[in-house]
Amino acid sequence: MTHKEFKDMILFYLYDELDENKKSVFEQHIDSCNECKLEMESYKKLFSDVDVDNSTNLNPKLLMEARLELRGVLRAQRNKVFESNKISNSIYSFISKPIGMAFSGIFILIIGLFIGYKIFNNSNLDNTVDNPVLNNNLKISNINFIDSDPSDNQIEFTFDAVKPGRFKGNVNDPRLQKILTQAVLNEQNPGTRLNSLNLINAVNKQSFDDEIKKTLIIVSKYDDNPGVRLEALKSLSIIPFDNEIKSTLIYVLLNDTSAGIRIEAINNLVEAAKNGYNLNTTDLSLLREKVQSDQNYYVKFQAKNIIKEY
Amino acid sequence: MILTDNELIIKAQNGDVLALEELIYRYDKMVLRMALKFTGDSDDAKDIYQEVFIRVYKGLSGFQFKSEFSTWLFRIVSNTCITFRRKFNKHSQMSLNDEDDSNYIDTLTGDNENSPDKVLYNSEFNEHIHKALNTLSPNQKMSFLLKHYEGYKIREIAELMNCKEGTIKKYLFDAVKKLKVQLANSY
Numbered sequence: 001m002t003h004k005e006f007k008d009m010i011l012f013y014l015y016d017e018l019d020e021n022k023k024s025v026f027e028q029h030i031d032s033c034n035e036c037k038l039e040m041e042s043y044k045k046l047f048s049d050v051d052v053d054n055s056t057n058l059n060p061k062l063l064m065e066a067r068l069e070l071r072g073v074l075r076a077q078r079n080k081v082f083e084s085n086k087i088s089n090s091i092y093s094f095i096s097k098p099i100g101m102a103f104s105g106i107f108i109l110i111i112g113l114f115i116g117y118k119i120f121n122n123s124n125l126d127n128t129v130d131n132p133v134l135n136n137n138l139k140i141s142n143i144n145f146i147d148s149d150p151s152d153n154q155i156e157f158t159f160d161a162v163k164p165g166r167f168k169g170n171v172n173d174p175r176l177q178k179i180l181t182q183a184v185l186n187e188q189n190p191g192t193r194l195n196s197l198n199l200i201n202a203v204n205k206q207s208f209d210d211e212i213k214k215t216l217i218i219v220s221k222y223d224d225n226p227g228v229r230l231e232a233l234k235s236l237s238i239i240p241f242d243n244e245i246k247s248t249l250i251y252v253l254l255n256d257t258s259a260g261i262r263i264e265a266i267n268n269l270v271e272a273a274k275n276g277y278n279l280n281t282t283d284l285s286l287l288r289e290k291v292q293s294d295q296n297y298y299v300k301f302q303a304k305n306i307i308k309e310y
Numbered sequence: 001m002i003l004t005d006n007e008l009i010i011k012a013q014n015g016d017v018l019a020l021e022e023l024i025y026r027y028d029k030m031v032l033r034m035a036l037k038f039t040g041d042s043d044d045a046k047d048i049y050q051e052v053f054i055r056v057y058k059g060l061s062g063f064q065f066k067s068e069f070s071t072w073l074f075r076i077v078s079n080t081c082i083t084f085r086r087k088f089n090k091h092s093q094m095s096l097n098d099e100d101d102s103n104y105i106d107t108l109t110g111d112n113e114n115s116p117d118k119v120l121y122n123s124e125f126n127e128h129i130h131k132a133l134n135t136l137s138p139n140q141k142m143s144f145l146l147k148h149y150e151g152y153k154i155r156e157i158a159e160l161m162n163c164k165e166g167t168i169k170k171y172l173f174d175a176v177k178k179l180k181v182q183l184a185n186s187y
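In the order they appear, the protein sequences are chains X and A. For the first sequence, position 15 matches number 15 in the working numbering, and the numbering has no gaps at all. For the second sequence, position 151 matches number 151 in the working numbering, and the numbering has no gaps at all.
Pulled out of the complex, with its shape left as it was, chain X reads as follows (with noise of 0.2 Å):
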């Protein structure tokens, strides 16, 4: 192997990337070749330059607003799913391309043999109203092709079938309740997610369910709405506290910008503290470093009593 070779190999070497073999040939050649050591110093040097910035913690604070902005636009792409023109638009692109337009044409082909031998079979037609999928009520949208090669005569696709739904019945029906936690975590309205937080709240504490209290979590912690963000606040309040709870009401507590929130928050840990649950030593340096650095007066005296507690 010549010097350069060897030479090539210190980044590798230092990388942990060469085989047992090359490695020991390097270590050898290493011990007796002052350039090939100096080199190495200098990939040295460079690391720890460039480590320096890889200590260094994400800030909380553009962490919850790319979290907060991603929810939106999530929310908003979930919704898109569901307009009335999304099946027009992905009809219309698909049989605009050549092989849509062939195979458009074989698909009507193939409606209308089956409609022949239908009525050449003198059976009733309305019958496709039996079918749920082809009833006229739901919203055909986001059709996904599996097979669409008609030399089978046959085809295979996937699509979502929405039906506009009434839900009417006791407010502890576990159904209505999965109907609203969907319409926190999804309804672009914000006075919507609001309503069916209210809602949620008028439901008896027992039967709150893990999925509900996810929800509220999440949607504390990042809906984009300030509003929403305290009902849902107010809502955890009602269950029974627990550690996920704490560690919600003290990520809303270091990182929400909504002074009126981060009250919330910490009149929550409050009544905890009251109700005799122990705050562990992570909890209480952390609420030091807010009595320090909150700007609302009130948070600090709060986060002051509840570590004179302890």
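Simulated from the structure, these hints should not be mistaken for laboratory data. A few of these clues could be false.
As the list claims (entries may be wrong) - Heads up, simulated BS3-like pairs for lysine-lysine below, C-alpha to C-alpha not over 27 Å straight-line: (1) Lys23(X) x Lys180(A); (2) Lys11(A) x Lys66(A); (3) Lys177(A) x Lys44(X); (4) Lys4(X) x Lys180(A); (5) Lys4(X) x Lys169(A); (6) Lys11(A) x Lys163(X); (7) Lys153(A) x Lys178(A); (8) Lys164(A) x Lys4(X); (9) Lys7(X) x Lys153(A); (10) Lys170(A) x Lys44(X).
Unchecked claim - Covered stretches of chain A, as calculated for chain X (at least 3 residues, CB under 8 Å): (11) 14-25; (12) 32-40; (13) 43-54; (14) 146-156; (15) 176-182.
Claimed, not checked - Here are the simulated distance ranges between beta carbons: (16) Thr83(A) x Tyr277(X): 47 to 55 Å; (17) Arg155(A) x Ala259(X): 46 to 54 Å; (18) Asn142(X) x Arg155(A): 35 to 43 Å; (19) Arg155(A) x Ser42(X): 22 to 30 Å; (20) Glu165(A) x Glu309(X): 54 to 62 Å; (21) Ala259(X) x Glu165(A): 49 to 57 Å; (22) Tyr25(A) x Thr2(X): 46 to 54 Å; (23) Gly116(X) x Gln64(A): 36 to 44 Å.
We treat Cβ as the ideally placed atom computed from N, Cα and C, and that holds for glycine.
Given the structure of chain X, go ahead and fit chain A onto it with the hints provided.
Positioned in the frame of chain X, the structure of chain A alone reads:
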């Protein structure tokens, strides 16, 4: 009970929004950190972060478990970062040459020097390193970030970036050489 990535993916594929969010929050810090190092700008990093997870959301229904979720995700991160940088270069009417875009540094460190985002960023990331990293081509930079900061093996980076191992070695070698020169000049 903590669910595995694959369990969360199956739930998310069946429309479980909470599972999708849990999956995202498992990896999003890493994605944002990579994006921040890659772009050197908080707003650009947030754009990449958002673009990555929109792609994940759209592609998750077709995810077939042939690779680990993290591998798939980092492939998306890598592609999004590289495409983002190319878009930026295009908009700035700069050279599109993948391997010779050293002028790019001037754009990033020019008039925006004192913008609030810049100030925020500077508090997190050493300015010298930022400048030096921006002299690298997108592929060199991505290879270096994945190797040096995320600790991937060259074989894994090749899989993520859809390249041969030899190509990644070349990117890394050139990246480190450029960084040495840049950082030697900056101190």
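Check of the stretch 146-156 of chain A against chain X for coverage (Cβ-Cβ below 8 Å, three residues minimum) = Answer holds; 5 residues pass the 8 Å Cβ test.
Does the hinted range 49 to 57 Å hold for Ala259(X) and Glu165(A) at CB?
-> About 54 Å separates the Cβ atoms of Ala259(X) and Glu165(A), which means 49 to 57 Å holds.
Is the straight-line distance between the alpha-carbon of Lys153(A) and that of Lys178(A) 27 Å or less?
-> Judged against 27 Å, a Cα distance of about 21 Å means the pair holds.
Taking the beta carbons of Gly116(X) and Gln64(A), is their distance inside 36 to 44 Å?
-> 39 Å, holds
Hint consistency between Lys7(X) and Lys153(A) [alpha-carbon to alpha-carbon, up to 27 Å] | With Cα atoms ~20 Å apart, Lys7(X) and Lys153(A) stay inside 27 Å; holds.
Taking a Cβ-Cβ distance under 8 Å as contact, does the stretch 32-40 of chain A have three or more residues in contact with chain X?
-> holds (count 4)
Distance restraint between Lys170(A) and Lys44(X), which requires alpha-carbon spacing of 27 Å or less | Distance of about 19 Å is within 27 Å: holds.
Keeping to a limit of 27 Å between CA atoms, is the pair of Lys11(A) and Lys163(X) held or broken?
-> Holds, because 22 Å separates the two Cα atoms, which is no more than 27 Å.
Going straight from one Cα to the other, do Lys177(A) and Lys44(X) come out at no more than 27 Å?
-> 13 Å, holds
Supplied distance hint 46 to 54 Å, evaluated on CB atoms of Arg155(A) and Ala259(X) | Given a distance of about 51 Å, which is inside 46 to 54 Å, the answer is holds.
Quick one: are Asn142(X) and Arg155(A) within 35 to 43 Å, going by C-beta?
-> 37 Å, holds
When you take the CB atoms of Glu165(A) and Glu309(X), is the distance between them in 54 to 62 Å?
-> 59 Å, holds
Checked against the numbered hints above, the structure breaks none of them.
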